[in-house]
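Undergrad: Protein chains in written order, with this note's numbering: chain A, 1 to 116; chain B, 117 to 226.
The calculated lysine-lysine pairs, modelled on DSS-like cross-linking and capped at a C-alpha distance of 30 Å, are:
(1) B/158 with A/80
(2) B/158 with B/225
(3) B/118 with B/161
(4) B/158 with A/79
(5) B/195 with B/158
(6) B/158 with B/118
For the record, the hints were derived by calculation from the structure and aren't laboratory data.
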Amino acid sequence: SQTIHQWPATLVQPVGSPLSLECTVEGTSNPNLYWYRQAAGRGLQLLFYSVGIGQISSEVPQNLSASRPQDRQFILSSKKLLLSDSGFYLCAWSVMGVRPLPYGYTFGSGTRLTVV
Amino acid sequence: RKEVEQDPGPFNVPEGATVAFNCTYSNSASQSFFWHRQDCRKEPKLLMSVYSSGNEDGRFTAQLNRASQYISLLIRDSKLSDSATYLCVVNNNAGNMLTFGGGTRLMVKP
Numbered sequence: 001s002q003t004i005h006q007w008p009a010t011l012v013q014p015v016g017s018p019l020s021l022e023c024t025v026e027g028t029s030n031p032n033l034y035w036y037r038q039a040a041g042r043g044l045q046l047l048f049y050s051v052g053i054g055q056i057s058s059e060v061p062q063n064l065s066a067s068r069p070q071d072r073q074f075i076l077s078s079k080k081l082l083l084s085d086s087g088f089y090l091c092a093w094s095v096m097g098v099r100p101l102p103y104g105y106t107f108g109s110g111t112r113l114t115v116v
Numbered sequence: 117r118k119e120v121e122q123d124p125g126p127f128n129v130p131e132g133a134t135v136a137f138n139c140t141y142s143n144s145a146s147q148s149f150f151w152h153r154q155d156c157r158k159e160p161k162l163l164m165s166v167y168s169s170g171n172e173d174g175r176f177t178a179q180l181n182r183a184s185q186y187i188s189l190l191i192r193d194s195k196l197s198d199s200a201t202y203l204c205v206v207n208n209n210a211g212n213m214l215t216f217g218g219g220t221r222l223m224v225k226p
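Can you build the whole structure from these sequences, using the hints too?
TA: Laid out in structure tokens, this is it:
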């Protein structure tokens, strides 16, 4: 069966520090991968998605970046965090090439980031 | 107009009540529809897919109205454990990309 792992679960970082969040998927190949952010009491905001190794699409311009160095690995990074980067970061995956989707996205357990 | 719109609530209902949520979507070409459930401080999880003919899973019934472009979720005999935020999810015209509504918060009271 497929599983998605995301870490760390919580993170407190000072303003201006770098960030690296990692997400890995097991039990599937060529997944579509996504990074979302959810601010407190708000909806999900799509940050990046990837349809393959090295292929990253950005939805919202900001000081974050994403990389996909391996098929089932998705990394969210920042060189210098801002206070406004605080939020709940969620990685998700879906099958590729199936239309319509048989099910929605499967999310990792999330990283709660507080920038202080 | 937002791609996917939901009443944010909260819907406060007593245990045992029946409650219904609606969600409207803007893209008439959408093909996939889902309801996700999100508990406080947790990740969203798939509750159920929504099929054209409507579908039921225990106390939960989902319906799709393509003509009016809305999806509904009906919860019968509400339980305290049903308290959560319910996210309406629709695929856009770009294949596997899903758009999430802002969620409807349900609070079931004893």
